[in-house]
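Enquirer: Here's the letter readout for the chains.
Protein chains: 2
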Amino acid sequence: MSDVASGPILAIDMGASRIRVGAVMPDGRILARGEGRTPGSQGAAAIVEACRDHLAALREGLDEATRAALVGVSISAPGPVDSRKGMLVDPPNIGAGIRDVALAGPISESLGLPTVMDRDTNVAALGEMTFGAAKGARDFLYLTVSTGLGGAIVAGGQLYGGADGFAGEIGHLPVALDWPPCGCGGVGHLEAASSGSGIVRQALIAIDEGRAPRLAAIVDRVGRAGLDARLVAEAADAGDEIAAGILDFARRSFATAVVGLVNTFNPELIVVGGSLAVAQGDRLLEPARQEVAHVAFRVPAARVEIIPAALGDDVGLLGGQPLLARRGASQSGGGRGVAC
Amino acid sequence: MSDVASGPILAIDMGASRIRVGAVMPDGRILARGEGRTPGSQGAAAIVEACRDHLAALREGLDEATRAALVGVSISAPGPVDSRKGMLVDPPNIGAGIRDVALAGPISESLGLPTVMDRDTNVAALGEMTFGAAKGARDFLYLTVSTGLGGAIVAGGQLYGGADGFAGEIGHLPVALDWPPCGCGGVGHLEAASSGSGIVRQALIAIDEGRAPRLAAIVDRVGRAGLDARLVAEAADAGDEIAAGILDFARRSFATAVVGLVNTFNPELIVVGGSLAVAQGDRLLEPARQEVAHVAFRVPAARVEIIPAALGDDVGLLGGQPLLARRGASQSGGGRGVAC
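Those protein sequences? They're chains R and Y, same order as listed.
Each step along the first sequence adds one to the number in the working numbering, with nothing skipped, and position 172 is 1451.
Each step along the second sequence adds one to the number in the working numbering, with nothing skipped, and position 170 is 1449.
Please note: incorrect hints may appear among the correct ones.
[Claimed, not checked] Dumping the calculated DSBU-like pairs for lysine-lysine here, alpha-carbon to alpha-carbon at most 35 Å:
1. Y:Lys-1364 <-> R:Lys-1414
2. Y:Lys-1364 <-> R:Lys-1364
3. Y:Lys-1414 <-> Y:Lys-1364
4. R:Lys-1364 <-> R:Lys-1414
It is worth saying that the hints were derived from the structure and are not from the lab.
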């Protein structure tokens, strides 16, 4: 098994709001790009069509030699994803009624290329392992801290998918029993405590309970939908105690969870990406490192490095190369979650 | 790779207080047994000697044909264990000063047999996979709820060891941020909430704070060292609200953690052994099943079964057969944590 595909690929990175596409070479060069809105509110068919159109336009723009050399398509999509069937399962943030949507199959058929698909965090983990911060690592965790908090497990050099390829939803491990509510319906999950949406949810609850006049003033200005973790962090930096408490709780919860991950996985690395992790930098990572040094088991604590991701926004495209190399043999969104 | 060793083995199951040994056939029959106290307070040399003596006596008692057919020795020991070096690392419950004690090497040398060693929970997971509740499973978790709360991860049919073979300390995942204190030095870990020692620690704190007169009366009778989870559970059943609160918290924490494990590992099975799990039965498992059905992600929730372990106290002996089959090639406590 090679680390990367045998030629250029078309890669698609579907997010909750944007679709990005790129033609990616085996060495990680991105030859051409495209971008557009994710038409989540228009239903499943519109999403499939948008992906298809972006990829077709991208291919059109390539020179003839590259076009002829294309070996496949990779899709990075918001979880949960059924990587074996190439389907969106029921992504909470794309649009209502998006459930069990086959994506890899129709795209493979339309473009006449083998098409593989996986959850965005799994694709990112492969990208960082091949081109980025986790080069050479065999046992590591990838975490992304942005609107949500996602994860991926690499075990012995392979993505760990569990029984159905769904493993790795590390954001939905508990850190607290009774607070805060999580978008998944649970309570006290890491995502609820430490993600952007979790921070905003905590802030809105504090506003609704009349505990946060300064945050309420921000919401009066930007609207409830306009509140984001950056604004809460700015309020904290400006001295608002409620906002500072929420940020402190987010960082403390993250550190506590990371100790549990070190004890449970004994990883070489924990690679942390995502917009909120980038914005917070060592304000997020350093408390986690210190908590690991103080509390985690001796050998795993000495082993692990907790480091920022290296590939930024391109990770969902770059990860398509190793994803296709691992799963390309089984066309049309087939492929296994574990022994890929 | 065969599932079991090519002949009879000598197996040793070292616990905090007892050492048990047995001659185990590839079909799981136990031909002969021995047992004695773990001389933890007498230091590392005494432990190695006790293991050696028990195994030598066990071998002496075998008929000549079996003795001649022995293919190796397996050691199940309290974590943390360095399975690659065959060493006890720093087990908290065996005795003071037990740190980095080589066990597999000296035993292999003394008995002239290949000797493999692993953490008790990893050995138990292999035992249940080969002879017990997890037969045929490829992706499952093993949990043991007794004095401590331990775990093991089986990923794609292999024990998952992580970078150093230490992975699987699932009892040291968080379930709460600030309470209760854990024996490992952390706070709010699953073991602190839901294990026997955790339940006792919570009860003693409640007594010391004057909140638990009924539990205090029990301690007056049995002494602080005599309090165990069974007595706390009996007090709860007899109507003591503090005891009932502690047991309820233990079960709720366990259920919450199990949801996180289902989301993170997407396992086929979670097999739960250990004396406290046996004593509690469905009072422990049923809330976890219900919480998974209500809160965990749809596909992993539909997949997982949460079931009791099947092999009881013999699991640490029986698991020696598959352990040796997987690691026997590298003698004297060698072998890899992951790709075994």
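Enquirer: Check the structure against each numbered hint from earlier and tell me which ones fail, lowest number first.
Expert: 2
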